[in-house]
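I would like the entire structure built from these sequences, with the hints used as guidance.
This is what each chain is made of:
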Amino acid sequence: MSPPLLKVTKVNKVFHVGSATIHAVTDISLTVNKGETVAIVGESGSGKTTLANLILGIEVPTSGEVELAGEQLKGRRSKAVRRKIGLVQQNPYSTLNPRKSIGQAIGLPLDVHGIGSRAERRRRIGQLLEKVGLNAGHRDRRPLALSGGQRQRVAIARALTTNPELLVLDEPTSSLDVSVQAHILRLLRDLQKEFDLAYLFITHDLGVVRVVASRVVVMYRGRVVEEGSVAAIFHSPRHRYTQLLLASIPTVSEEDDAFRPDWPWDAEVKSDGDPAEGCPFRSRCPFAVERCGQEFPDMHGSSDHRYACFNPRPEASEPIVNLQAEKLERKKA
Amino acid sequence: MKEILTVKDLDLTFDTLDGPVNVLRGVSLSVREHERVALVGESGSGKSVTARAILGLLPERNRRLTGSVVFEGSDLITERPSRLRERRGRDMTMIFQDPMAALNPVYTIRNQFLAVLSRSHPELNAEQAEARMNKALRDVSIVDPIRVLDSYSFQLSGGLNQRVMIAMGLISRPRLLIADEPGTALDVTVQQQTLLIMKRLSESYGTSILFISHNLGVVRQFADRVCVMYSGRIVEEASTAELFANPRHPYTRALLASVPRLSSNELPEPIEGSVPDPREPMKGCPFKPRCALATDECLQPIPLREFGMQRVACIHQEEFA
Amino acid sequence: MTQSSARWRGWRRFARNKLSVLGAVLIAVVFFCAIFAPYVAPYPEHAGVVVNFLDANQPPGAKYWLGTDTVGRDVLSRIIFGFRNSLMLGAVVIAISITIGTAVGMTAAYLGGKTELVLMRITDIFLAIPSLVLAMAILGLAKPSQLYAMIAMATVWWPWHARLVYGIVRSLKYEGFVVAAEVVGASPLRVMFSELLPNCAPNLFTKASLDMGFVILLGASLSFLGMGAPPPTPDLGTMVSEGAQYLPDIWWLSVMAGMGIFIVVLGFNLVADGLRDLFDIVG
Numbered sequence: 001m002s003p004p005l006l007k008v009t010k011v012n013k014v015f016h017v018g019s020a021t022i023h024a025v026t027d028i029s030l031t032v033n034k035g036e037t038v039a040i041v042g043e044s045g046s047g048k049t050t051l052a053n054l055i056l057g058i059e060v061p062t063s064g065e066v067e068l069a070g071e072q073l074k075g076r077r078s079k080a081v082r083r084k085i086g087l088v089q090q091n092p093y094s095t096l097n098p099r100k101s102i103g104q105a106i107g108l109p110l111d112v113h114g115i116g117s118r119a120e121r122r123r124r125i126g127q128l129l130e131k132v133g134l135n136a137g138h139r140d141r142r143p144l145a146l147s148g149g150q151r152q153r154v155a156i157a158r159a160l161t162t163n164p165e166l167l168v169l170d171e172p173t174s175s176l177d178v179s180v181q182a183h184i185l186r187l188l189r190d191l192q193k194e195f196d197l198a199y200l201f202i203t204h205d206l207g208v209v210r211v212v213a214s215r216v217v218v219m220y221r222g223r224v225v226e227e228g229s230v231a232a233i234f235h236s237p238r239h240r241y242t243q244l245l246l247a248s249i250p251t252v253s254e255e256d257d258a259f260r261p262d263w264p265w266d267a268e269v270k271s272d273g274d275p276a277e278g279c280p281f282r283s284r285c286p287f288a289v290e291r292c293g294q295e296f297p298d299m300h301g302s303s304d305h306r307y308a309c310f311n312p313r314p315e316a317s318e319p320i321v322n323l324q325a326e327k328l329e330r331k332k333a
Numbered sequence: 001m002k003e004i005l006t007v008k009d010l011d012l013t014f015d016t017l018d019g020p021v022n023v024l025r026g027v028s029l030s031v032r033e034h035e036r037v038a039l040v041g042e043s044g045s046g047k048s049v050t051a052r053a054i055l056g057l058l059p060e061r062n063r064r065l066t067g068s069v070v071f072e073g074s075d076l077i078t079e080r081p082s083r084l085r086e087r088r089g090r091d092m093t094m095i096f097q098d099p100m101a102a103l104n105p106v107y108t109i110r111n112q113f114l115a116v117l118s119r120s121h122p123e124l125n126a127e128q129a130e131a132r133m134n135k136a137l138r139d140v141s142i143v144d145p146i147r148v149l150d151s152y153s154f155q156l157s158g159g160l161n162q163r164v165m166i167a168m169g170l171i172s173r174p175r176l177l178i179a180d181e182p183g184t185a186l187d188v189t190v191q192q193q194t195l196l197i198m199k200r201l202s203e204s205y206g207t208s209i210l211f212i213s214h215n216l217g218v219v220r221q222f223a224d225r226v227c228v229m230y231s232g233r234i235v236e237e238a239s240t241a242e243l244f245a246n247p248r249h250p251y252t253r254a255l256l257a258s259v260p261r262l263s264s265n266e267l268p269e270p271i272e273g274s275v276p277d278p279r280e281p282m283k284g285c286p287f288k289p290r291c292a293l294a295t296d297e298c299l300q301p302i303p304l305r306e307f308g309m310q311r312v313a314c315i316h317q318e319e320f321a
Numbered sequence: 001m002t003q004s005s006a007r008w009r010g011w012r013r014f015a016r017n018k019l020s021v022l023g024a025v026l027i028a029v030v031f032f033c034a035i036f037a038p039y040v041a042p043y044p045e046h047a048g049v050v051v052n053f054l055d056a057n058q059p060p061g062a063k064y065w066l067g068t069d070t071v072g073r074d075v076l077s078r079i080i081f082g083f084r085n086s087l088m089l090g091a092v093v094i095a096i097s098i099t100i101g102t103a104v105g106m107t108a109a110y111l112g113g114k115t116e117l118v119l120m121r122i123t124d125i126f127l128a129i130p131s132l133v134l135a136m137a138i139l140g141l142a143k144p145s146q147l148y149a150m151i152a153m154a155t156v157w158w159p160w161h162a163r164l165v166y167g168i169v170r171s172l173k174y175e176g177f178v179v180a181a182e183v184v185g186a187s188p189l190r191v192m193f194s195e196l197l198p199n200c201a202p203n204l205f206t207k208a209s210l211d212m213g214f215v216i217l218l219g220a221s222l223s224f225l226g227m228g229a230p231p232p233t234p235d236l237g238t239m240v241s242e243g244a245q246y247l248p249d250i251w252w253l254s255v256m257a258g259m260g261i262f263i264v265v266l267g268f269n270l271v272a273d274g275l276r277d278l279f280d281i282v283g
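Chains as they are written, first to last, in this note's numbering: chain Y, 1 to 333; chain A, 1 to 321; chain H, 1 to 283.
Treat the hints as calculated values from the structure; they're not laboratory data.
Quick caveat: nothing in here was measured; it's all calculated off a predicted structure.
Careful: at least some of the hints might be erroneous.
As the list claims (entries may be wrong) - Some residues of chain Y that are not near chain A, with every Cβ distance over 12 angstroms (derived): (1) P4; (2) I58; (3) W265.
As the list claims (entries may be wrong) - Straight-line Cα separation of at most 30 angstroms, DSSO-like style, residue types lysine-lysine; simulated pairs: (4) Y:K10 / Y:K100; (5) A:K135 / A:K8; (6) Y:K84 / H:K63; (7) Y:K74 / H:K63; (8) Y:K100 / Y:K34; (9) Y:K7 / Y:K193; (10) A:K288 / A:K2; (11) Y:K131 / Y:K34; (12) Y:K74 / Y:K131; (13) H:K114 / Y:K79; (14) Y:K74 / Y:K10; (15) H:K173 / Y:K79; (16) H:K18 / Y:K74; (17) Y:K7 / Y:K79; (18) H:K173 / Y:K100; (19) Y:K7 / Y:K100; (20) A:K283 / A:K8; (21) Y:K79 / Y:K100; (22) Y:K84 / Y:K100; (23) A:K199 / Y:K131; (24) A:K288 / A:K8.
Ideal Cβ positions, reconstructed from N, Cα and C, are used throughout, including at glycine.
So this is what it looks like as structure tokens:
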């Protein structure tokens with residue numbers, strides 16, 4: 001078995017803002033293998049952005065290690081390491097410098113790493129533009145002239161300039177219309193196949209997770225609460241937060257409805273405020289037990305599906321689809 | 001059920017440096033009592049502009065607006081500005097997409113709430129106003145209203161701010177609430193909670209809701225009736241159940257096909273081509289360049305035709321019997 | 001839209017603003033005079049040492065359109081050469097000031113931490129002293145001359161540019177494209193020059209135009225106080241000063257020179273607003 005491309009081991013990141021101490025990320029470990037797509041799911045405050053920053057080298061872990069292709073990444077990264085990772089950001093309207101042309105934006109990594117002569121660079125930029133579905137002639141345009149979807153394509157082209165092995169995609173389609181998102185998801189899949197890229201796909205949209213990722217990591221308040229293969233987790237979510245996430249998805253069909261667990265929306269729970277000890281989800285969880293307030297749970301489960309919960313959702317014996325289909329049948333009869 | 005809002009043939013053109021831009025091309029829709037109507041579309045469809053046109057929030061100059069917006073008997077477009085101001089914020093209110101941006105960070109919530117309250121209920125004294133505000137906040141499931149009233153918007157989470165906005169939007173018991181992408185700026189779990197609150201309150205207060213969204217799933221959960229907009233026009237209108245079970249317009253079908261599904265790991269289908277440039281004049285159906293069923297007849301102006309309870313602006317309906 | 005068509009739209013927007021166009025016309029006239037002074041001025045030699053007591057103190061008339069001064073020099077010619085002087089002064093001062101100010105402001109904002117603290121406090125100190133007083137204090141150290149006047153004014157002016165650039169860079173430093181450049185491995189110097197500087201340019205140009213007027217005014221004030229270029233250099237401020245003692249009888253000296261200052265300052269101010277439109281590429 002080949003070693004993982006990206007290995008994050010027990011990483012912690014603590015910020016000191018004024019007199020407050022913020023544990024942005026606590027005890028996170030994950031791996032991404034060559035050519036696979038791992039999704040990180042979380043809402044605001046989950047720490048997913050901090051985790052991305054740690055992997056990208058924008059932040060340095062307070063403790064723990066980040067390894068890329070077997071090499072441990074320290075504070076100052078070598079140019080060689082930087083070439084291996086590409087970044088695609090969320091906001092297509094701020095990811096490109098408004099005062100530079102598309103060609104200049106894509107050419108920046110080539111400039112920084114001194115790759116190729118002027119003519120070679122020009123050719124490469126044209127190549128990359130074609131690869132992401134744009135015209136090579138676009139290189140002299142300014143971002144102002146492009147739509148959101150086109151800008152994201154440029155961002156993807158820029159991320160591919162140095163032939164990276166891993167792409168970190170931070171909510172790459174969240175700001176796009178759904179039909180444009182469909183284009184970009186296809187493009188990403190085609191590129192992944194062609195270049196054998198690994199994707200670390202950060203998103204809050206579980207529908208997108210379902211179609212792009214093979215493995216998913218669910219984060220809440222800086223911790224991993226559930227992780228495993230997409231199939232296992234969608235079949236039978238165990239952690240209560242995952243249950244809440246799935247129950248909150250606005251689904252568009254009855255087949256999709258069947259994948260939504262129930263959630264007691266009217267249950268009385270305290271609003272706001274994150275508790276200091278124990279499980280951070282406790283304050284929103286109608287299923288919390290006493291132990292939840294004392295310590296954070298260890299991971300239970302198999303290598304394919306692990307979760308950190310003292311009172312998890314019971315394992316679904318049948319795939320949810322079948323259960324729901326039964327309900328539908330009975331209704332129709 | 002009586003119609004409280006009837007928009008007919010709304011046509012809006014902006015005069016820009018690049019020439020006239022026709023953003024709304026004959027939009028007609030209606031909202032009845034106790035009804036929740038969704039206006040769905042992607043960027044460039046004109047849905048947000050429609051909401052602003054209804055509320056009279058368009059820029060004053062460099063624009064031409066024709067058509068009628070009849071709210072409770074009077075046409076808002078021809079209404080005197082002073083009367084319009086009176087009705088707006090009282091009988092017809094609006095809540096916006098980003099709660100952090102909509103609330104003023106230099107005033108406490110109480111201050112802002114009082115400003116709203118004094119317009120709708122000027123007769124209340126301080127004590128009564130306080131009681132009203134407390135009740136309004138409790139109605140949106142805020143368990144500690146006094147703490148919230150004392151706070152500033154930046155001290156509260158996005159979800160709380162959104163609920164405060166809903167409370168302020170509904171305190172005058174308006175006939176119509178217009179919600180622009182409610183919950184879009186929030187986490188999905190918070191959004192779900194917020195929408196359930198809005199649903200519950202609209203039912204108990206008898207307020208109709210016109211809400212703008214790009215999210216089909218939210219629309220399906222929340223609306224009684226849906227109007228699908230494309231390039232400044234309404235292309236399909238139906239009850240929610242009908243629309244999702246049996247979408248008729250090619251754009252609606254394509255849009256639904258582009259949503260990722262939980263039930264399968266197949267990539268969703270994109271829609272070929274792109275949204276037409278509103279600066280270009282357009283003949284016939286705006287979706288023609290991207291439509292698999294398009295024929296030359298589609299270059300003729302396409303009216304909304306009735307199919308039972310549905311209305312569709314497409315001449316190729318027989319394909320989907 | 002390509003780079004060039006974006007610029008074309010900018011010019012169209014500029015042209016829409018009638019006042020800016022007026023300003024542009026005024027400045028064009030001033031520049032023309034400045035560049036072609038020896039050919040435009042009716043009596044170019046009057047810019048230097050000339051003694052012509054026969055024609056001294058002539059009111060505006062056919063021979064000398066704006067009159068003559070106390071030693072018989074043509075006021076119009078001296079104003080035209082005065083424009084050349086003023087523009088040169090303004091250009092040099094602003095060039096120096098923008099260079100220093102941008103370097104300080106950008107470095108402070110982007111690097112943050114102690115660097116930011118130190119640099120911005122120094123900037124604040126300079127800003128706290130009224131400009132004229134500061135300039136005079138520096139000039140008091142040496143004999144009055146054009147060069148020293150320029151140095152003194154640049155010293156007064158750079159903090160404003162530093163503040164401006166500081167504000168812009170602070171708001172931009174967390175923008176997507178800056179982070180993207182950092183992730184790629186761009187050095188801080190490259191990020192500042194290649195990503196941030198182009199975004200400061202439009203504001204700097206606009207401010208430079210606004211400043212031109214005020215720098216010229218400041219220069220005229222210093223000359224008025226006797227701290228500018230020594231005679232016989234034709235200088236608008238000096239001319240106002242010289243003529244002041246003869247008001248209201250020999251009014252044309254001060255008034256005409258004053259009008260000259262007025263036209264230059266007004267022109268640049270009107271253009272400044274329009275310049276913003278020219279560069280307005282909404283990101």
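Going down the list of hints, with the structure as the test:
Every Cβ of chain A is farther than 12 angstroms from the Cβ of Y:P4; the closest lies at roughly 23 angstroms, confirming the non-interface assignment. The Cβ of Y:I58 lies farther than 12 angstroms from every Cβ of chain A, with a closest approach of about 23 angstroms, so its non-interface assignment holds. Remark: the non-interface label on Y:W265 conflicts with the geometry, its nearest Cβ contact in chain A lying 6 angstroms away (cut-off 12 angstroms). At most 30 angstroms may separate the alpha-carbon atoms for a hinted pair to count; Y:K10 and Y:K100 exceed this at roughly 40 angstroms.
Simply put, A:K135 and A:K8 have alpha-carbon atoms about 38 angstroms apart, too far for the 30 angstroms limit, and the pair is violated. At roughly 79 angstroms between alpha-carbon atoms, Y:K84 and H:K63 are farther apart than 30 angstroms, so this suggested pair is violated. For a cut-off of 30 angstroms, the pair hint linking Y:K74 to H:K63 is broken: about 81 angstroms separates their Cα positions. Of the pairs offered as hints, the one joining Y:K100 and Y:K34 is violated, with about 34 angstroms between alpha carbons and a cut-off of 30 angstroms exceeded.
A distance of roughly 22 angstroms separates the Cα atoms of Y:K7 and Y:K193; the hinted pair therefore holds under the 30 angstroms criterion. With a C-alpha separation of about 36 angstroms, the suggested pair A:K288 and A:K2 falls outside the 30 angstroms cut-off, and the hint is violated. Note on Y:K131 and Y:K34: the hinted pairing holds, with a Cα-Cα distance of about 21 angstroms set against a maximum of 30 angstroms. Between Y:K74 and Y:K131 the CA atoms are separated by roughly 33 angstroms; this puts the pair beyond 30 angstroms, and the hint is violated.
For the suggested pair H:K114 and Y:K79, the alpha carbons sit about 27 angstroms apart, so the restraint of at most 30 angstroms is met. Annotation: proposed proximity of Y:K74 to Y:K10 holds, straight-line Cα distance about 15 angstroms (limit 30 angstroms). Restraint check for H:K173 and Y:K79: satisfied, since their Cα atoms lie roughly 22 angstroms apart, inside the 30 angstroms limit. Annotation: proposed proximity of H:K18 to Y:K74 is violated, straight-line Cα distance about 59 angstroms (limit 30 angstroms).
Using a Cα cut-off of 30 angstroms, the hinted pair Y:K7 and Y:K79 holds, with the two alpha carbons roughly 19 angstroms apart. Pair hint H:K173 plus Y:K100 holds up; C-alpha atoms about 16 angstroms apart against a cutoff of 30 angstroms. Taking the CA atoms of Y:K7 and Y:K100, the gap is about 36 angstroms. The hint is violated against a cut of 30 angstroms. Under the criterion of a C-alpha separation no larger than 30 angstroms, the hint pairing A:K283 with A:K8 is consistent with the structure, at around 21 angstroms.
Of the pairs offered as hints, the one joining Y:K79 and Y:K100 holds, with about 23 angstroms between alpha carbons and a cut-off of 30 angstroms not exceeded. Distance check on the hinted pair: Y:K84 and Y:K100 sit about 25 angstroms apart at the alpha-carbon level, within 30 angstroms; holds. Restraint check for A:K199 and Y:K131: the C-alpha separation of about 46 angstroms exceeds 30 angstroms, so the hint is violated. For the hint linking A:K288 to A:K8, the alpha-carbon distance of about 24 angstroms falls within 30 angstroms, and the restraint holds.
Checked against the numbered hints above, the structure violates hints 3, 4, 5, 6, 7, 8, 10, 12, 16, 19 and 23; every other hint is satisfied.
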